[in-house]
Amino acid sequence: MSSQDIPEETLPSEQDHARGTVEAKDPFADPGLPAHKPRVQDIDERAAKRSERTVALLFTLSMLATIAFIASYVIFPVDEIVYIWPFGHVSALNFSLGITLGLALFCIGAGAVHWARTLMSDTEIADERHPIEAEPEVKAKVLADFAAGAQESGFGRRKLIRNTMFGALAMVPLSGVVLLRDLGPLPEDKLRHTLWAKGKQLINMNTNEPLRPEDVVVGSLTFAMPEGLSEHDHSFQTEIAKAALMIVRIQPEDIKDKRELEWSHDGIVAYSKICTHVGCPISLYEQQTHHVLCPCHQSTFDLSDGARVIFGPAGHALPQLRIGVNDEGFLEALGDFDEPVGPAFWERG
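Going by the UniProt record's numbering, the first residue of the sequence shown is number 1, and it counts up by one from there.
Among these hints, one or two may not hold up.
Unchecked claim - Straight-line alpha carbon distances no greater than 16 Å define the calculated EDC-like cross-link-like pairs of lysine to aspartate or glutamate that follow: (1) Lys190 / Asp338; (2) Lys256 / Asp305; (3) Lys190 / Glu133.
Don't read these hints as lab results, they were simulated from the structure. Keep in mind the model is a prediction, meaning the values are calculated, not measured.
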């Protein structure tokens, strides 16, 4: 710092040098706090009441904006497009949600700021730094300061502000609750059922043609989907994730499980392709052992013994689909799976 940066009144004069009485002055002396100037709300109760009503109005507007947010979520369709100047063509739902939620949050913030600037105490207080340890005297001082601050804020005395603030803060989280709608409709019992039903033909996923018993030879692995399901359908991925089927032909005398034999047709058995561990598609088949292997975590199922788990983390056997042959000689389902396919879920019975 050069001498040019130091105020002249702090520099020694020539007379001081001559007398030898030069005294060092602190160029960074604490100027102290300016004199406190009361606000109009501090001296005029009517002005304080007006500020109180203004803050309450802002909190009330926040509550109304939250209600409008929820109403917009219900009123406007997801695909409705409207023209709004100067934004142009926008989604009515997105625009209304943004405006109402932004207004709700802004009004809470503006109300809190106006409350602090006009009604809470604005007296500046300087306090010396104290050790980190909380001494009993410090604790007592903190509690006293908190009580004084609460009294100066008028939080207990100005009930209109307090009640409307509580209302605004309580209603804003409702916006997030309503957003849960985007998680989709409730599953109800959709996880327990697939597109398979009595009379639905088994369609080869490679040829898109109905399967005949003679199309399935011993030792082969064929994948099928329900009749009426197309890869071009909007819901194809959702439905095939539950209805994907694998078909294997085993010599009837090699089938160990009695029910499996009853639900098969001439040794042709149909099981869900979806692994019961985490839902990966099963695609590996051992002809000699009749084991199928999930490539994700190596869960292994024995298709000759009710598709029970013989290795890996899967928790239960693959569901079997009961099949038969219709009048035209094509393989068909005789109903849906008797239990939910894929991994277990918390509602599963």
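Please work out if Lys256 and Asp305 have their alpha carbons no farther apart than 16 Å.
5 Å, holds
Given hint Glu133 paired with Lys190 - CA-CA distance at most 16 Å:
This hinted pair is violated, its Cα atoms lying about 60 Å apart.
Please work out if Lys190 and Asp338 have their alpha carbons no farther apart than 16 Å.
14 Å, holds
The earlier numbered hint that this structure contradicts is number 3, and it is the only one.
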